[in-house]
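A.B. asks: Respectively, the protein sequence lines represent chains A, B, C, D, E and F. One point on numbering: in the numbering used here, the residue at position 16 of the first sequence is 16, and numbering is uninterrupted. One point on numbering: in the numbering used here, the residue at position 1 of the second sequence is 1, and numbering is uninterrupted. One point on numbering: in the numbering used here, the residue at position 76 of the third sequence is 76, and numbering is uninterrupted. One point on numbering: in the numbering used here, the residue at position 78 of the fourth sequence is 78, and numbering is uninterrupted. One point on numbering: in the numbering used here, the residue at position 52 of the fifth sequence is 52, and numbering is uninterrupted. One point on numbering: in the numbering used here, the residue at position 33 of the sixth sequence is 33, and numbering is uninterrupted.
Bear in mind the hints are in silico, worked out from the structure with no lab data behind them. Take these hints with a grain of salt, some might be off.
The list treats identical chains as one, so a pair stands whether inside a single copy or across any two.
What the hints assert, rightly or not - Computed list of lysine to any residue pairs in SDA-like fashion (alpha-carbon distance at most 20 angstroms, straight line): (1) 34 <-> 76; (2) 34 <-> 19; (3) 34 <-> 16; (4) 34 <-> 15; (5) 34 <-> 14; (6) 34 <-> 73; (7) 34 <-> 44; (8) 27 <-> 47; (9) 34 <-> 77; (10) 34 <-> 79; (11) 34 <-> 78; (12) 34 <-> 49; (13) 27 <-> 45; (14) 27 <-> 49; (15) 27 <-> 77; (16) 27 <-> 40.
Number of protein chains: 6
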Amino acid sequence: MSESVQLIPGNSLITATPQEGRELAIKMARLIIKVTQPDDEIRGRLRGVYAEDAAMLIAVGQTVATEFATIAAANNYWR
Amino acid sequence: MSESVQLIPGNSLITATPQEGRELAIKMARLIIKVTQPDDEIRGRLRGVYAEDAAMLIAVGQTVATEFATIAAANNYWR
Amino acid sequence: MSESVQLIPGNSLITATPQEGRELAIKMARLIIKVTQPDDEIRGRLRGVYAEDAAMLIAVGQTVATEFATIAAANNYWR
Amino acid sequence: MSESVQLIPGNSLITATPQEGRELAIKMARLIIKVTQPDDEIRGRLRGVYAEDAAMLIAVGQTVATEFATIAAANNYWR
Amino acid sequence: MSESVQLIPGNSLITATPQEGRELAIKMARLIIKVTQPDDEIRGRLRGVYAEDAAMLIAVGQTVATEFATIAAANNYWR
Amino acid sequence: MSESVQLIPGNSLITATPQEGRELAIKMARLIIKVTQPDDEIRGRLRGVYAEDAAMLIAVGQTVATEFATIAAANNYWR
Chain A
1 MSESVQLIPG
11 NSLITATPQE
21 GRELAIKMAR
31 LIIKVTQPDD
41 EIRGRLRGVY
51 AEDAAMLIAV
61 GQTVATEFAT
71 IAAANNYWR
Chain B
1 MSESVQLIPG
11 NSLITATPQE
21 GRELAIKMAR
31 LIIKVTQPDD
41 EIRGRLRGVY
51 AEDAAMLIAV
61 GQTVATEFAT
71 IAAANNYWR
Chain C
1 MSESVQLIPG
11 NSLITATPQE
21 GRELAIKMAR
31 LIIKVTQPDD
41 EIRGRLRGVY
51 AEDAAMLIAV
61 GQTVATEFAT
71 IAAANNYWR
Chain D
1 MSESVQLIPG
11 NSLITATPQE
21 GRELAIKMAR
31 LIIKVTQPDD
41 EIRGRLRGVY
51 AEDAAMLIAV
61 GQTVATEFAT
71 IAAANNYWR
Chain E
1 MSESVQLIPG
11 NSLITATPQE
21 GRELAIKMAR
31 LIIKVTQPDD
41 EIRGRLRGVY
51 AEDAAMLIAV
61 GQTVATEFAT
71 IAAANNYWR
Chain F
1 MSESVQLIPG
11 NSLITATPQE
21 GRELAIKMAR
31 LIIKVTQPDD
41 EIRGRLRGVY
51 AEDAAMLIAV
61 GQTVATEFAT
71 IAAANNYWR
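Using the sequences provided together with the hints, build the complete structure.
C.D. replies: As structure tokens, then:
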């Protein structure tokens with residue numbers, strides 16, 4: 001991992017709305033995949049694999065749910 | 001991901017009842033799958049796959065449970 | 001999902017005892033499977049599959065553990 | 001599930017020590033498997049399967065870790 | 001499970017440093033595997049399996065992360 | 001495991017920014033894999049396996065998300 005890769009857009013967990021928090025969760029999950037597999041071509045190919053695989057789509061959802069739990073707590077659930 | 005896709009119906013984690021919180025968890029889990037695989041036809045086909053696969057049904061349950069944990073905390077557990 | 005399906009018996013996370021909280025966790029996990037696969041016959045067949053598969057039984061346990069964590073927090077751990 | 005099956009020994013999450021909390025986590029995880037597969041003979045056979053499978057042993061550990069997180073919180077971490 | 005097996009070294013979640021907390025998480029995860037598969041010879045063989053399997057190594061990491069979350073909370077994150 | 005292996009760089013969960021917290025989560029996840037499989041050559045080979053496998057990349061993301069949840073809580077979410 002190059003330390004200079006941006007892992008959290010804006011370098012903050014605070015967002016204005018739940019919707020933006022959810023978008024951040026998706027981006028954070030994708031950036032971990034990017035830092036683990038930096039090759040754009042390979043990553044693009046793998047995206048085609050998991051986007052058509054039911055089990056992997058569910059697993060993507062599990063990861064986003066875990067990232068979102070952290071973001072939601074950071075924002076006091078936008079109460 | 002198009003940023004304009006609605007990821008949280010109502011853009012809020014607050015719900016009137018646990019039942020509605022549970023429905024929100026299901027919807028949020030499904031919207032992540034939708035944003036990852038936007039093609040309606042492919043998604044419909046994959047739904048047929050996981051709805052008849054015991055392991056995947058359990059995995060769906062795991063994801064909904066994680067989403068619901070966040071929603072329940074946001075609502076102070078509807079105490 | 002039909003919104004009218006009951007997803008949380010009693011529409012509350014509050015239970016009198018840990019035992020009842022555990023029973024609620026099991027029911028909530030099963031109701032997610034039911035809402036994802038509403039066909040009783042298929043669900044009965046799949047139950048026969050996971051009840052004899054060690055890996056799936058462990059996965060069921062993981063899901064129930066996650067649901068129970070939420071219920072236990074809702075009840076202040078019945079302290 | 002028969003509602004009368006004991007799911008939490010002692011019907012309490014409170015234990016005297018972390019060791020006892022850990023033992024409770026293991027028992028709670030096993031009781032979910034028991035309630036999902038009540039047949040002693042089948043369960044004994046499946047135990048032989050997962051006890052010799054590296055991936056399943058790791059998955060058992062994940063489930064116990066999740067149950068223990070709840071028990072530890074219930075006991076204020078025995079601080 | 002023999003109740004007399006030590007499941008948490010020192011019978012406490014409190015550690016002096018994050019490093020020691022991490023070591024405790026690893027030990028706790030291993031002791032669950034030991035209590036589930038008490039045979040040293042079989043366990044040694046399985047260790048050879050998961051130590052050379054990428055997916056299982058990742059799963060070990062997931063379990064340790066979950067154990068560590070509990071230990072870190074118990075120690076108020078060593079703030 | 002040799003107890004002298006560094007498992008948490010800096011022996012602290014406290015970081016200046018979310019970005020640094022994310023980098024720490026990645027490092028902590030990798031150090032667990034390193035302590036479980038200390039052989040550099042084997043680990044390098046396995047990295048080649050999971051970096052080209054969609055399901056494993058998702059699983060890496062799940063583990064990092066769990067580590068990050070702990071680090072974020074330790075830092076009061078850098079609010």
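A.B. asks: Are the hints correct? Go through all of them and say.
C.D. replies: Tested hints:
For a Cα distance limit of 20 angstroms, the shortest separation of residue 34 from residue 76 qualifies neither inside one copy, at 29 angstroms, nor across copies, at 26 angstroms. Taking CA atoms no more than 20 angstroms apart as the test, residue 34 paired with residue 19 passes between copies only; the shortest distance there is 15 angstroms, against 23 angstroms inside one copy. Taking identical chains as interchangeable, the C-alpha atoms of residue 34 and residue 16 are never at most 20 angstroms apart, the minima being 26 angstroms within one chain and 23 angstroms between chains. In this homomeric assembly, residue 34 and residue 15 never come within 20 angstroms of each other (Cα to Cα): the closest approach is 23 angstroms inside a single copy and 22 angstroms across copies.
Proximity of residue 34 and residue 14 under a CA criterion of 20 angstroms is satisfied in neither setting, with 22 angstroms inside one chain copy and 25 angstroms between copies. Within a single copy, residue 34 and residue 73 get their C-alpha atoms no closer than 25 angstroms, and across copies no closer than 24 angstroms, so neither meets the 20 angstroms cut-off. Both within a single protomer and between protomers do residue 34 and residue 44 lie at most 20 angstroms apart by alpha-carbon distance, with minima of 10 angstroms and 18 angstroms respectively. In this assembly of identical chains, residue 27 and residue 47 lie within 20 angstroms of each other by CA distance solely inside one copy; the values are 14 angstroms within and 23 angstroms between copies.
Taking CA atoms no more than 20 angstroms apart as the test, residue 34 paired with residue 77 passes in neither setting, with 28 angstroms inside one copy and 23 angstroms between copies. Taking identical chains as interchangeable, the C-alpha atoms of residue 34 and residue 79 are never at most 20 angstroms apart, the minima being 32 angstroms within one chain and 26 angstroms between chains. Taking CA atoms no more than 20 angstroms apart as the test, residue 34 paired with residue 78 passes in neither setting, with 29 angstroms inside one copy and 24 angstroms between copies. Proximity of residue 34 to residue 49 under the C-alpha cut-off of 20 angstroms is found in both arrangements, the shortest distances being 15 angstroms within a copy and 15 angstroms between copies.
Taking the closest pair of Cα atoms, residue 27 and residue 45 come within 20 angstroms of each other only inside a single copy of the chain (18 angstroms); across copies the shortest separation is 26 angstroms, beyond that limit. Taking CA atoms no more than 20 angstroms apart as the test, residue 27 paired with residue 49 passes inside one copy only; the shortest distance there is 19 angstroms, against 24 angstroms between copies. For the identical chains of this complex, residue 27 and residue 77 are neighbours both inside a copy (19 angstroms) and across copies (18 angstroms), given an alpha-carbon limit of 20 angstroms. For a Cα distance limit of 20 angstroms, the shortest separation of residue 27 from residue 40 inside one copy, 16 angstroms, qualifies, whereas the shortest one across copies, 22 angstroms, does not.
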